[in-house]
Each structure stands twice: as C-alpha cells, then as structure tokens.
Amino acid sequence: MKTPFWIGTALAVVLAGSAAAQELKFAPGQDARFNWKSYEDFKAANANLKGQNLTLFGPWRGEDEVLFNSVLAYFNAATGINGKYSSSENYEQQIVIDTQAGSPPNIAIIPQPGLLADLATKGFLTPLGQENADWVKQNYGAGEGWIRYGTYKGKDGKEAYFGFPFKADFKSMVWYVPENFEEAGYEVPKTMEELIKLSDQIVEDGGVPWCIGLGSGGATGWPATDWVEDMMLRTQTPETYDKWVSNEIKFDDPAVVGAIEEFGKFAKNEKYVSGGVAAVSSTDFRDSPKGLFGIPPKCYLHHQASFVPSFFPPDTKLGTDADFFYLPTYASKPELGTPVLGAGTMFAITKDSPAAKAFIEFLKTPIAHEVWMAQSSFLTPFKGANPDAYANDVMKKQGELLTTATTFRFDASDLMPGKIGAGAFWTGMVDYVGGKDAKTVATDIQKAWDGLK
Amino acid sequence: MNPAVSLRRIGLPRLIVHLSVLVICIIWLIPTIGILVTSFRDAGQIAASGWWTAFTGAAETSAARLGEPSTARQEGANYVISGSVFEQGQSGAVRAFGTRVAAPTEFEAGQAADLGDGEMLTINEDGSYVYTKNAPFDGERGKRVYLSVAAPPSFTLDNYRTVLTSQGIGQSFVNSLTVAIPATIIPILISAFAAYALSWMEFPGRALIIAMVVGLIVVPLQMSLIPLLRMYNEIGNLFGVPSRSYAGIWLAHSAFGMPLAIYLLRNYIAGLPREIIESARVDGASDFEIFVKIILPLSFPALASFSIFQFLWTWNDLLVAMVFLGTGKDQLVLTGALNALLGSMGGKWEILTASAFITIVVPIIVFFALQRYLVRGLLAGSVKGG
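Protein chains in written order, with this note's numbering: chain B, 1 to 453; chain Y, 1 to 386.
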C-alpha cells in the first residue's frame with residue numbers, strides 16, 4: 001500500500017519543484033538596503049555571456065545550499081549564464097577525484113586553504129591575477145591576511161593568487177543567554193581575567209559555567225582546536241601563530257603547550273564543564289549548545305563559531321534569547337590588540353571559462369554579499385557591503401568585528417597539512433582532555449608532523 | 001493444560017533454544033525500534049530525552065512568558081496581569097512553577113508565590129495565572145516564568161512529511177531505481193554465464209582465471225575511482241558524449257560486484273550433481289541449452305541471494321553514484337538527496353531516522369519478493385536427498 005502513495009507524492013513534488021527554482025529572493029530595485037546599482041552595472045558589463053554553462057561545487061548542503069542558490073540566482077538573472085551549484089558529503093575527496101580524473105567543475109568552493117594549496121601545486125587551479133589580489137587587499141577588512149590565505153605555489157613553483165574569499169566565519173565568540181545572565185546578575189566580561197572570575201562566580205552560585213562538546217563523528221576533537229587557536233592568539237603574537245602554522249616553531253614549543261594548557265584551564269576543570277571533564281569529548285558539538293537553553297541551564301557559556309545558532313532550539317531569537325560576546329583578551333597583554341580568529345570559504349577556478357571569470361567579478365559586487373547577509377549564516381569582511389543589510393543585530397555585530405579587526409588569523413587547523421590539522425591535532429586534543437598532559441600530546445603531534453617530511 | 005505437561009512435550013533443550021532465539025531477536029531489534037520511535041518525535045523532544053521515554057509522557061520543564069506590563073489592569077490598589085501560560089492550541093497540566101531559571105520548580109501549582117517587591121504570582125494547574133503587584137509594572141517584555149508541565153506522550157508525522165515533500169526527492173527516487181535495477185541484473189547475467197563456464201567447461205587456463213577473479217575481490221573500490229573516471233572522461237571526449245551517465249554507473253557497479261558474484265555462483269554451480277549435466281550432454285544438449293534449462297533453474301537460490309546483496313549495495317551506495325553520476329540536483333540518487341537534507345553540519349536526527357525508514361521500504365520489498373524463491377529453492381534441494 002505504501003509504495004504507490006509514495007511515488008504519487010514524489011512525482012507531484014518533482015512537477016511542483018522544478019517550476020519555482022529561479023526566483024529572486026529580493027526584487028531588484030525595491031529595498032534601499034541593497035546596492036542595486038552594483039547589480040545593474042554588473043548586468044550591463046556581462047551581457048555577452050548568455051546561454052553559457054557554469055558549474056560550481058562546494059561544501060554547502062541543505063539550508064546553506066538554498067541560501068547560496070539564492071545568491072547564484074542573481075548572477076544567473078544578470079548574465080543569462082546557466083550557473084549550477086552542487087555539493088556532496090565528501091566534497092573534499094570528490095574535488096580531488098574530479099580534478100585528477102579531468103572532469104572538474106568550473107569553480108570549486110573550499111573552506112580549507114591547505115587543500116587548495118595542494119590542488120594549486122598540482123596545477124589544477126587557474127590563477128586569478130594580481131588585480132583580484134589588489135582588490136581584496138583594498139576592500140576586505142584585514143585584507144592582507146585574506147590574500148595570504150588565497151596565495152599558493154603553482155605548478156611552476158611560483159606563488160600566485162588563486163583563492164577568492166567569500167563568506168567568512170567568525171570564531172572568537174562566547175554565546176550566552178542574556179536573560180539567564182540578567183536573572184543571576186552576571187555581567188558580560190571585558191577581559192580574560194574577568195571571564196575566569198565570572199566562571200568561578202557561577203561555580204560558587206551552584207551553576208556550571210561552560211558547555212564544551214568535542215564530539216563530531218570522525219572529526220571528533222576539532223572544536224578544541226578552535227579553543228587552542230584562540231588561546232594562542234591571546235597569549236602569543238600573530239607572528240608566532242603564523243610560525244606555528246608553518247611548523248617553523250615546533251608543536252611542542254612552550255608557546256603552543258602554554259596555549260593548550262590555557263584551554264585545559266576551562267575544559268579540564270571538573271567544576272567548569274557541564275557533565276564533568278569525561279563528558280567533554282563524548283558530547284556532540286551540535287548538542288552541546290543546547291545546554292545553554294536548559295531549564296535549569298546546564299551551563300551559562302559556550303565557545304563556538306558563528307554557525308552555531310542553527311543548532312539552537314527552534315524559535316530562538318538571536319539578540320534577545322541568545323547573544324554572544326567577543327572571547328576577551330588578557331588585560332595583562334594589551335600589546336596583542338584584539339585578534340580575531342576566523343575561517344572562510346575560498347572560490348577557486350578549476351576549469352577556466354569566461355563565465356567562471358564573470359562569477360569572480362560578481363563576488364566583487366556588494367549585491368552578492370548583501371543578498372546573503374539579509375538572510376542568515378553569512379558574514380563578510382567586504383567593506384563595500386552595507387552592514388544594514390544584515391538580517392539581525394547579532395550578525396551585524398559579528399560583521400563589524402570582522403571588518404574592523406586589526407589582526408585576522410585563519411583557523412590554523414585548516415591551514416596545516418591535512419594529516420595534522422584534520423588528524424593528529426584532533427586526536428591529540430581528545431587525548432589531552434582524556435587525561436594526557438599538554439607536553440606529551442604536543443610532542444605526539446609534532447612526531448606525526450615530522451613523519452610527513 | 002498443565003504447564004508441566006506442555007513443557008515436557010516441548011522439551012527443555014528446545015525451550016531454551018527458542019527462548020534464546022527470542023532474546024537475541026529482541027536485542028537485535030532494539031536499535032531499529034529506537035530509530036522507528038525517534039522518527040516519530042519532533043526535534044525538540046529528541047534533543048531533550050531518549051526515545052525510550054517517548055511513551056510515558058514525562059514532565060517537561062519549559063519557559064513561558066506572562067502578559068506584557070502594558071496589559072495590566074488596575075484593581076483597587078493592585079495592578080493585575082492575568083491570562084494563560086499556554087499558547088493557543090496548547091494544553092497540559094502544570095505541576096510546578098518558578099521564576100528563577102536556577103529553580104524552575106520552586107512553587108507548587110495553585111500556590112500563591114510571594115516574589116518580593118509586593119509581587120504575587122499564582123499559576124493554576126490548567127495554566128491560568130494571576131500576577132499582581134501593589135504598584136504599576138515596569139519594563140517592556142512580559143516576565144519569564146518556568147513551568148513543569150505533565151505532557152501526554154505525543155508523536156508526529158512531520159518528519160516524514162518533511163522528507164517526502166522535500167524538493168527533488170521524487171526525481172532522486174526514480175534515479176535510484178534507474179541505477180539499482182540494471183546494476184543488479186547486468187552483473188548477475190554475466191556472472192552466471194561466467195560461473196557455468198568456469199565450473200563445467202574444460203579449457204586451458206581455467207584455474208588461472210578463477211584465481212584472478214578471487215584476487216579481484218580484494219581490490220578496494222576507492223582505489224579504482226580516479227582511473228575509471230579518467231577513462232570515462234577520455235571516452236566521453238572522444239565521442240562527444242557526457243562522461244557521467246547511467247551506462248557508466250551500471251558498468252561501474254557491475255564491475256565492482258562481479259568478482260564476488262562469479263566466485264559465489266561458481267561455487268554453487270560447481271556443486272550441482274555431475275550426473276544431471278552429463279546425461280544432458282549425452283542426450284545431445286549444447287552448453288547453452290544445459291545452462292538455460294538445467295543450471296539456471298537449479299541455481300535460483302544462489303541467484304536470488306546474490307541479487308539481494310547486489311541490490312542492497314547499489315541502493316545504499318552514495319560514493320559511486322556521486323562520482324560517476326554527478327552531484328547535480330537532477331542527478332542525485334536517493335541516498336544523496338537525503339544526505340543533502342541533513343545540511344552542511346549534519347546532526348538532524350529527526351530527518352535521519354525518517355529517511356532511514358523511507359529508504360528501507362524498497363529493499364524490504366525486494367527482499368520479500370525474492371525470499372519466496374530462496375526458500376522454495378532450498379526446499380527443492382532438500383527433498384531430493386541428493
């Protein structure tokens with residue numbers, strides 16, 4: 001009985017679904033928050049590409065895919081190009097398979113600069129040219145940093161600019177529930193010292209300050225790498241951070257071990273973490289933030305990147321039901337400024353065509369950024385995009401922190417070689433939380449790194 | 001009947017066997033039941049409690065907001081806000097309430113709670129509340145209160161609705177069938193021929209070929225993805241046809257499935273009684289006639305069990321389909337489409353569990369359809385006694 005019903009529903013959906021694919025989310029010319037002039041200019045400049053095909057391949061699936069398609073629709077409408085985006089659960093492996101086998105998409109969207117560098121060395125990427133690098137330098141907040149993460153050695157051994165950053169993630173954040181803070185009379189801490197004092201205060205009041213969850217299936221441990229990176233930027237200079245990423249200073253250097261121990265101050269303190277230290281590595285990072293909203297709350301603070309609101313309970317209003325503050329810096333180290341840890345997705349041309357070049361041009365228009373800003377889970381360091389376009393104040397606040405950042409550093413684990421940044425570093429952090437000391441763990445990771453050479 | 005008598009009739013050893021089979025079956029089924037129950041719960045419930053609590057309707061703590069200060073009426077010296085803590089359409093029985101998140105069940109339902117500052121709050125079991133203060137209320141938003149509500153067990157079909165009505169799911173269902181059916185039939189057909197030749201036809205190098213086929217079983221599929229796709233691309237370019245097509249994926253699945261198929265079928269076919277085949281030869285049957293009229297009917301159980309294998313594998317496959325068919329919306333197979341529903345970060349249990357039961361429908365139909373032949377084939381062998 002079940003099957004015919006099924007097929008019937010399914011066919012009905014197919015028929016209904018194909019009709020509504022290419023509608024523009026915001027009608028051009030209507031909303032003053034958007035820079036429609038940039039859309040019209042782009043349209044006028046790229047009128048000769050009608051009917052060409054463009055394939056894009058990237059990491060976004062589900063809701064994110066719908067959001068990216070809403071941006072892509074503007075590009076398609078403006079140029080008449082038939083741009084198609086697709087994704088796969090194993091996109092990192094798939095892009096390697098596709099480029100090596102000789103059937104790559106036109107544009108690959110990759111959040112790991114380490115992987116892109118690899119593809120560039122093998123000669124699978126088309127350089128974007130100096131003019132794009134200059135554009136990013138001038139128009140992005142901390143543009144210098146962004147260019148560096150898009151510049152790799154090509155097949156000829158010469159450095160060239162390959163990755164165009166679009167969509168950033170902001171990681172140096174602590175999430176909290178304002179009403180819980182209000183009720184208990186807690187203040188948002190301005191310095192790391194205050195944050196530790198607040199944590200102690202919560203323990204004293206009989207609560208648990210932190211929810212930390214490292215679980216993520218095969219990638220278990222990665223949330224801890226964000227912690228360590230943030231702590232690294234708060235205890236060491238950005239230059240030391242860069243040397244750490246390139247292994248100029250060893251993983252078991254006292255500077256790195258110190259940062260791991262800073263993380264341990266929170267994660268390895270039985271009274272600080274919800275469920276005790278044993279729960280840290282077994283709690284899934286997607287379930288972990290839900291503790292903030294428990295009644296009574298399982299914790300008051302949660303350190304996680306800007307994507308995390310999608311794992312808050314449904315109907316959570318950002319700004320009122322949940323908010324964030326910048327993970328503060330030590331008052332005792334004012335020379336480090338306000339460093340921002342982030343990540344971003346890079347657009348690289350894997351099969352050159354006029355349409356692919358036009359798409360990179362499109363990413364330089366404010367409208368490409370604003371359309372996504374006005375929806376959800378999108379941040380941009382592009383100074384030319386109107387911050388008022390952000391859908392809510394929480395996103396706007398994050399966006400402002402990104403455009404005004406003095407020091408921007410990319411997620412180190414995404415820059416390190418895959419075996420370290422997506423392997424030994426993760427498992428090392430699980431071992432550390434599981435009871436090993438920081439020095440031993442760091443030495444093990446360094447050994448794995450030495451093994452690569 | 002006396003229990004002792006019936007026990008004697010069954011026999012103690014048999015009883016123990018039956019009981020242990022029952023226990024093993026139940027243990028084996030627990031995860032499946034868990035997934036089934038979870039698929040009927042909504043995301044909030046799944047996050048809050050385990051599936052085994054779904055039937056008891058435990059007390060849930062939740063937050064609610066009282067009316068805004070602007071809705072207060074003046075009654076004598078007091079200001080009063082009243083209403084129900086439940087939104088329209090909601091119901092339940094309030095057991096306890098509180099005004100601090102750290103102590104959400106401070107007061108019993110119906111009890112008048114003194115909140116200090118001249119504020120009194122009473123929340124009754126039916127959800128109605130009276131909130132009074134001896135001075136005007138201030139602030140803009142209503143006061144947040146916490147309730148312990150005894151909620152009856154509730155189940156929902158929404159997860160299934162979400163999955164079944166998601167965009168492109170019908171197309172992907174058709175795609176999956178288009179991949180799986182030929183990818184099951186082609187390798188079975190070829191490997192049945194091969195198995196017959198390798199077991200009953202004498203030719204030089206036969207043993208070597210068998211050894212090679214067995215050796216091919218251990219080649220991991222992942223290793224051959226890049227070379228195979230490169231070959232497809234070159235052929236595609238040569239003839240000006242797309243390199244990613246159904247024909248390509250059929251061939252890929254057939255090739256990946258065939259070493260095991262040939263090995264299994266050869267073992268089975270080689271075990272058929274030599275007398276039947278030889279007497280057919282004496283009667284003047286050609287190899288093809290022997291194959292069609294004798295081997296095929298006799299080896300139906302083996303064919304059926306292998307087609308179940310192969311169908312399950314191609315139906316559940318994600319990797320091969322993504323690589324050889326592509327990742328575009330119109331090329332996705334069912335596993336790919338359901339995977340896309342989970343979003344970039346995954347972790348949507350409600351979608352995952354409902355999808356699991358939707359994908360399982362087709363393999364179950366295939367299994368039961370072939371199960372009949374499987375059992376008949378086995379029985380046919382057993383009564384002949386041969």
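The set of hints was computed from the structure by calculation and includes no laboratory data.
Hints may be right or wrong, so weigh each one.
Unchecked claim - DSSO-like, lysine-lysine: derived pairs with alpha carbons at most 30 angstroms apart:
(1) B:Lys137 / B:Lys383
(2) Y:Lys143 / B:Lys396
(3) Y:Lys143 / B:Lys298
Hints broken by the structure, by number, lowest first? none
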